[in-house]
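J.: Here the protein sequences come in this chain order: A and B. Those letters in the first sequence? Residues 1471 to 1886, by the working numbering. Those letters in the second sequence? Residues 1471 to 1886, by the working numbering.
Be a bit skeptical, because a hint or two may be false.
Unchecked claim - One side only, chain A facing chain B, incomplete, derived with CB under 7 Å:
| hint | residue |
| --- | --- |
| 1 | D1586 |
| 2 | F1622 |
| 3 | R1674 |
Stated by the list, open to error - Listed next, the in silico SDA-like pairs over lysine to any residue satisfying Cα-Cα at most 25 Å (straight line):
| hint | chain 1 | residue 1 | chain 2 | residue 2 |
| --- | --- | --- | --- | --- |
| 4 | A | K1657 | B | R1570 |
| 5 | A | K1875 | A | R1555 |
| 6 | B | K1848 | B | P1620 |
| 7 | A | K1747 | A | T1857 |
| 8 | B | K1747 | B | N1792 |
| 9 | B | K1657 | A | E1528 |
| 10 | B | K1657 | B | A1573 |
| 11 | B | K1657 | A | T1824 |
| 12 | B | K1747 | A | K1699 |
| 13 | B | K1747 | A | G1876 |
| 14 | A | K1657 | A | R1631 |
| 15 | A | K1699 | A | R1631 |
| 16 | B | K1875 | B | P1620 |
| 17 | A | K1747 | B | N1697 |
| 18 | B | K1699 | B | G1729 |
| 19 | B | K1657 | A | E1754 |
| 20 | B | K1747 | A | R1666 |
| 21 | A | K1747 | B | K1848 |
| 22 | B | K1747 | B | K1699 |
| 23 | A | K1747 | B | A1569 |
| 24 | A | K1657 | B | A1569 |
| 25 | A | K1747 | B | N1792 |
| 26 | B | K1657 | A | R1751 |
| 27 | A | K1657 | B | L1748 |
| 28 | A | K1747 | B | K1699 |
| 29 | B | K1848 | B | K1657 |
| 30 | A | K1747 | A | K1699 |
| 31 | A | K1657 | A | M1819 |
| 32 | A | K1699 | A | E1528 |
Derived by calculation from the structure, the hints in this document are not laboratory data. In this text, a Cβ means the ideal position worked out from N, Cα and C, and glycines have one as well.
Each chain, written out:
There are 2 protein chains.
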Amino acid sequence: MSDNEISRRRLLGTVGAAGATGLALGAVGGAAGHAVTAADPATALATVGSTGESFHGEHQSGITSPMQSHGHLVAFDLVAGAGRREAAALMRRWSATAARLMAGEPADDDTGVALDAGPSSLTITFGFGRTFFDRTGLAAQRPVQLDPLPAFSGDRLDPRRSEGDLWVQIGANDALVAFHALRAVQKAAGAAARTRWQMTGFNRSPGVTAQPMTSRNLMGQIDGTRNPKPSDHDFDRRVFVPAAGSGSGSPGQPAWMAGGSYAVVRRIRMLLDDWEKLNLRDQELVIGRRKSDGAPLTGGGETTELDLDRTGPDGSLVVPANAHARISAPEQNAGAAMLRRPFSYHDGMAADGTPDAGLLFVCWQADPLRGFVPVQRKLDRGDALSTFIRHEASGLFAVPGGAEKGEYVGERLLEP
Amino acid sequence: MSDNEISRRRLLGTVGAAGATGLALGAVGGAAGHAVTAADPATALATVGSTGESFHGEHQSGITSPMQSHGHLVAFDLVAGAGRREAAALMRRWSATAARLMAGEPADDDTGVALDAGPSSLTITFGFGRTFFDRTGLAAQRPVQLDPLPAFSGDRLDPRRSEGDLWVQIGANDALVAFHALRAVQKAAGAAARTRWQMTGFNRSPGVTAQPMTSRNLMGQIDGTRNPKPSDHDFDRRVFVPAAGSGSGSPGQPAWMAGGSYAVVRRIRMLLDDWEKLNLRDQELVIGRRKSDGAPLTGGGETTELDLDRTGPDGSLVVPANAHARISAPEQNAGAAMLRRPFSYHDGMAADGTPDAGLLFVCWQADPLRGFVPVQRKLDRGDALSTFIRHEASGLFAVPGGAEKGEYVGERLLEP
Chain A
1471 MSDNEISRRR LLGTVGAAGA TGLALGAVGG AAGHAVTAAD PATALATVGS
1521 TGESFHGEHQ SGITSPMQSH GHLVAFDLVA GAGRREAAAL MRRWSATAAR
1571 LMAGEPADDD TGVALDAGPS SLTITFGFGR TFFDRTGLAA QRPVQLDPLP
1621 AFSGDRLDPR RSEGDLWVQI GANDALVAFH ALRAVQKAAG AAARTRWQMT
1671 GFNRSPGVTA QPMTSRNLMG QIDGTRNPKP SDHDFDRRVF VPAAGSGSGS
1721 PGQPAWMAGG SYAVVRRIRM LLDDWEKLNL RDQELVIGRR KSDGAPLTGG
1771 GETTELDLDR TGPDGSLVVP ANAHARISAP EQNAGAAMLR RPFSYHDGMA
1821 ADGTPDAGLL FVCWQADPLR GFVPVQRKLD RGDALSTFIR HEASGLFAVP
1871 GGAEKGEYVG ERLLEP
Chain B
1471 MSDNEISRRR LLGTVGAAGA TGLALGAVGG AAGHAVTAAD PATALATVGS
1521 TGESFHGEHQ SGITSPMQSH GHLVAFDLVA GAGRREAAAL MRRWSATAAR
1571 LMAGEPADDD TGVALDAGPS SLTITFGFGR TFFDRTGLAA QRPVQLDPLP
1621 AFSGDRLDPR RSEGDLWVQI GANDALVAFH ALRAVQKAAG AAARTRWQMT
1671 GFNRSPGVTA QPMTSRNLMG QIDGTRNPKP SDHDFDRRVF VPAAGSGSGS
1721 PGQPAWMAGG SYAVVRRIRM LLDDWEKLNL RDQELVIGRR KSDGAPLTGG
1771 GETTELDLDR TGPDGSLVVP ANAHARISAP EQNAGAAMLR RPFSYHDGMA
1821 ADGTPDAGLL FVCWQADPLR GFVPVQRKLD RGDALSTFIR HEASGLFAVP
1871 GGAEKGEYVG ERLLEP
């Protein structure tokens, strides 16, 4: 019996009682489709493992997929001498690996770490950095959207942990499944590319709260309240590059990016020792929202709009002029919006005894100049939160559309 | 409304639909008791968060509690000038913090990071290192069981990440709940103690497999198969220090350790790049078990006993003489056994590009000289696995019995 068969058998054993294996693993259609096998409480216990995301589709997975509890971000550089041919072979290997792992099947020469786990909502997402295009002789295909981000005054960027020729985002609802995928991706890089940097993050576990998409960051704030929703009429236009001739207009976008998106990655250190010295009221004034439930200081619930003009009895703004929620509000940024899909990180104690912890900020947009950049420019100038955070690394990556069956991610760029 | 009330309300909102809040949070009896609120699939989603462990009891939590998906191990040293009085006050604060957090309630001056999560099976376990007793003037109360472990030839121990006056083990089924507890414990240390080292680990998430206690390590092996089971007739005698006069006899154990246990902590780096170069068959010969299901190479299933005398057609032992499973088998070690309850760890890439990953090995026993030490001595001499691992840090801690209501952990040692 091959490893492949063993894994399949064990997986079937896990989800078989729900009688819905086909649903969980095979029939997940649509770009962001995911299937949950929920049955009686006994089998419901194993649904975290048996839930799978689809590798093939118009968009890559890991963008609109539900946030996962574990993530790895990893950047690679092509080795000297590797060009377009090697990059194409690499993307072909990586796509095959991702498709198998996301279906709960083992990789070639599998390490066994994810055996009997099921796909566990694994997603593997691939992107190209600015330097990729020169190294592969494809500079003419480089989108202007990959032009370097402007420098921000709060940046303390470590170039060794920034950028990279290639970027892979791995997410899963199990730490072993995520680690297994990371090793498989690194092994499949073979002699073509070397790991440049790698970061690990986390979000709330499935089953901890009734709302799986709501997570708190390590400052204790509910994060992602104002995210665009897939049901918004302009969601696709904001997040994904439209297909040529779709009439949506996307000047300067190369055809190979149709269905793709741009990921801005920022390692944002939180100065938690300083932050935690503030009392609750002062923390809420920095953010402009209540910590307990994320509601604006002007009242209502988490999803209530901020009343930016409301003043208190003393005439001062209830949501202060420098409150993070005010400055980052889409209505304060000509509608600029991005889909934030971060992981928290905690890499133990720094040399000075403070926690090396914060946010692996990942945001998605059809154009960084209409998403991350204008919002960050405003935050950089006047955000009360900036005293308590430090951007330590940065990356900007072009994430092509999803692969159709028989295709690999990036094929439309890499095949002559 | 206080933070406390807010948290309670949100928690009730989460598990209220199951109509079993009292069961989940209040009525968890017994030293290792835990309650799962399982109802229809919709509410079953939130049972990971609403499950709680009991702080009070004969034994501390986190020893026989089900393994959790996230863990922090952290050691503290008392500051210069802090003695028994300060240590007693510290243990009183820590115990109060642990009791509140394990019930899903906020800590004093809470950071909010675990708001609306529920207890998520949080356990917080406290231990004393060898150096604690001199610093507190309690050398006469120090158990001989805390005498330094022998040096092993495979040790490459970093003293800065080893030992410590005090040790805290935190486990939870949510990363944010675990991080929140870590910060609360560090904050409650106040001016009395400083963090000496801190490590973070993980296991499989709840709901990924049908058997939550089975986890694989980062070499892909099923881990913990031969662990003593609470149903074993001699489990308590092996794991816990008996009460004085119980007739079990425990020479040299001080009275204050009744109901306690000794934790041996080893940071075991796995040399995964080397390990993964072995093919599956060679890996299985190193371990003596099949990777797919953990069954002995002599056949059967995961829990089948190894047939240590069986030879193959060529006359050689089926389970090789240096196989890890043979050398560590209790029947090969005069019955020496310990309760292993580890976390995997992965701290990114080491400077040489290899993964800084492996096992935060934690084992529990009534006497290290009848648990960890004899087994590790044998492994150190002839374990085929030793080529692929490196012990990088070590700690040995006396973990007193659990606190009764109104008592704090360690009170029987620290109060005159």
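J.: Each hint needs a verdict: does it hold in this structure or not?
T.: These are the hints, each one checked on the structure:
{"no.": "1", "hint": "D1586", "verdict": "holds, 6 Å"}
{"no.": "2", "hint": "F1622", "verdict": "violated, 25 Å"}
{"no.": "3", "hint": "R1674", "verdict": "holds, 6 Å"}
{"no.": "4", "hint": "A:K1657 to B:R1570", "verdict": "violated, 45 Å"}
{"no.": "5", "hint": "A:K1875 to A:R1555", "verdict": "holds, 21 Å"}
{"no.": "6", "hint": "B:K1848 to B:P1620", "verdict": "holds, 12 Å"}
{"no.": "7", "hint": "A:K1747 to A:T1857", "verdict": "holds, 13 Å"}
{"no.": "8", "hint": "B:K1747 to B:N1792", "verdict": "holds, 19 Å"}
{"no.": "9", "hint": "B:K1657 to A:E1528", "verdict": "violated, 48 Å"}
{"no.": "10", "hint": "B:K1657 to B:A1573", "verdict": "holds, 19 Å"}
{"no.": "11", "hint": "B:K1657 to A:T1824", "verdict": "holds, 12 Å"}
{"no.": "12", "hint": "B:K1747 to A:K1699", "verdict": "violated, 45 Å"}
{"no.": "13", "hint": "B:K1747 to A:G1876", "verdict": "violated, 30 Å"}
{"no.": "14", "hint": "A:K1657 to A:R1631", "verdict": "holds, 20 Å"}
{"no.": "15", "hint": "A:K1699 to A:R1631", "verdict": "violated, 31 Å"}
{"no.": "16", "hint": "B:K1875 to B:P1620", "verdict": "violated, 38 Å"}
{"no.": "17", "hint": "A:K1747 to B:N1697", "verdict": "violated, 44 Å"}
{"no.": "18", "hint": "B:K1699 to B:G1729", "verdict": "holds, 17 Å"}
{"no.": "19", "hint": "B:K1657 to A:E1754", "verdict": "holds, 21 Å"}
{"no.": "20", "hint": "B:K1747 to A:R1666", "verdict": "holds, 22 Å"}
{"no.": "21", "hint": "A:K1747 to B:K1848", "verdict": "violated, 51 Å"}
{"no.": "22", "hint": "B:K1747 to B:K1699", "verdict": "violated, 34 Å"}
{"no.": "23", "hint": "A:K1747 to B:A1569", "verdict": "holds, 24 Å"}
{"no.": "24", "hint": "A:K1657 to B:A1569", "verdict": "violated, 45 Å"}
{"no.": "25", "hint": "A:K1747 to B:N1792", "verdict": "violated, 55 Å"}
{"no.": "26", "hint": "B:K1657 to A:R1751", "verdict": "holds, 20 Å"}
{"no.": "27", "hint": "A:K1657 to B:L1748", "verdict": "holds, 14 Å"}
{"no.": "28", "hint": "A:K1747 to B:K1699", "verdict": "violated, 45 Å"}
{"no.": "29", "hint": "B:K1848 to B:K1657", "verdict": "violated, 41 Å"}
{"no.": "30", "hint": "A:K1747 to A:K1699", "verdict": "violated, 34 Å"}
{"no.": "31", "hint": "A:K1657 to A:M1819", "verdict": "violated, 30 Å"}
{"no.": "32", "hint": "A:K1699 to A:E1528", "verdict": "holds, 18 Å"}
The earlier numbered hints that this structure contradicts are 2, 4, 9, 12, 13, 15, 16, 17, 21, 22, 24, 25, 28, 29, 30 and 31.
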